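Chains A and B supply the protein sequences, listed in that same order.
Under numbering that gives the first Met the number 0, residues 0 to 355 are what the first sequence spells out, in order.
Under numbering that gives the first Met the number 0, residues 0 to 131 are what the second sequence spells out, in order.
Calculated from the structure, these hints are not laboratory results.
From a predicted model like this one, the values you see are computed outputs, not experimental measurements.
No residue lacks a Cβ here, since even glycine has one placed at the ideal position from N, Cα and C.
Warning: the hint list may mix true and false statements.
[Unchecked claim] The calculated EDC-like cross-link candidates involving lysine to aspartate or glutamate, where the alpha carbons are at most 16 Å apart (straight line), are:
| id | chain 1 | residue 1 | chain 2 | residue 2 |
| --- | --- | --- | --- | --- |
| 1 | B | K51 | B | D95 |
| 2 | B | K108 | A | E74 |
| 3 | B | K48 | A | E239 |
| 4 | A | K301 | B | E116 |
| 5 | B | K47 | A | E239 |
| 6 | B | K17 | A | E239 |
| 7 | A | K199 | A | E340 |
[What the hints assert, rightly or not] Footprint (simulated), chain A over chain B, 3 or more residues, beta carbon under 8 Å:
| id | stretch |
| --- | --- |
| 8 | 6-18 |
| 9 | 97-105 |
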Amino acid sequence: MSKNNKPVLLLIPLVCIAFFSLNVYAGHLEPFRSVPVPKHNPQTPEKIELGKKLFFDRRLSGDGTMSCATCHNPEQAFTDGQDISLSYPTTMNWRNAPTLINTAFQKFLFHDGRVKSLEDQALFPLMSAFEMNQNLDFVEEELRVVPEYVEAFKKVFGGDVTRERIAMAIAAFERTLVSVNSPLDKHLKGDKSALSEDAKKGLEIFEGKGKCADCHYGVNLSDNRFHALNVPENPALLNEPRVIATMRFTAKVYHYEDYKNLREDPGRYLITKNKKDRKAFRTPSLREISKTAPYMHNGVFKTLDEVLDFLNKGGGPGNKALKPLGLTGEEKRYLKAFLTEAPAGEDIAIKYPEVP
Amino acid sequence: MKEYDGRLRLVIKHYPYKYRDFSHMASEAAMAAREQGKFWEMHRTLLKKSPKLDRNSLIKYAGELGLDLKRFTDSVDGRKYSKLIERDKKLAVDLDVYNTPTFFINGRKVIGNRPYEYLKMIIEEELKGVKK
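Could you put the whole structure together from the sequences, leaning on the hints where they help?
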């Protein structure tokens, strides 16, 4: 599983017009509200607790060395802090691990948006050869021999351990990982002293000259869409055979015709096979953005400054999504102050569970 | 280590991966090389050549490093450092370590192969807290 943190995004005017007509909320920032919960998987304290145990349980990986928390570490804002996510021993990942904070608000999961719910997402890394490399039939049996799990599944779901219920419990836990009471939330609710003067100026740029809010809006500061900014490939990975193997393997699984010669991440195209989606990635949330470096789907930018410079110059060569912004050094500084300060909510306190 | 000469001590613990045939033997090879003053040279070679770490390959690498091959081979074949390696493995389990590499920098756990700048940042933070 991987992450794509693009704090600021600009669309060309034509796209914006079409976009605004489709979504009345485009450009409007909204304070935190309760997370959406699917009807078929209501939140209960017991389910959340079960999901938390599974989240920290290394049984979910093939060799018992990794849990979900390995790459989504609570002490690193539910990322692993690496440019490219940690991987199954002897393999290498190819994308950045996204934070899990506020994933409940996302309409698409993964950088390429291959699934639409946390329930559908949860089992992917378990099965992935370069992530947890576990067999789902096997993990069901591994959990069925643990009396505490058998009892917990019966209590929570009224039945047996199944892969679907494993995913449902993990998803329920993930829905508790939310960014709340940030200065931005307070500001949007009317507390005009919640932001520093620099952050207020940054907000003006965010919604104005920087055009960030064209794509980063709503509660989660994301349009839940995909944009091809032509983010550069991570030079550290270009000639790494294990990364190339992972990339081609993933492309093969998604029936990418020329997977054997693939040398760069095709992005959303991998899923849709639509030319406009080549090198397009999901607009990330900006909530807690200062804690989730490095940035972009391949972690190529180590700092927010690097991201802002990239966007300010109009993105990568040949992209049609961005135009140069012409932000001055001072304006970038205000924008950074806003991004660092405003969307940073209360720390999420995790009481580590006792894994049975 | 050069940059922090005298202010940093590096302790290596073995944690051969349980699902690799040659990983224990590779740890033995590193220790056998250490006997002849070439631990780091062998360590780097093992990382570079992995997963080609069968017995013949290890002996070939030892030859390339100019080691006394009989002494090296006797040590590896005799599993001379098996007890030490098993002790390290137990320590890892006791510390709830399951990934390699895992660093403990003044007690701060850092999982995964990190860029130098990342480790440097933590080292600098920890050094600030050290009483002179």
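(message) Hint by hint, where does the structure go against what was stated? Just the numbers, ascending.
(response) Violated hints: 1, 6; rest satisfied.
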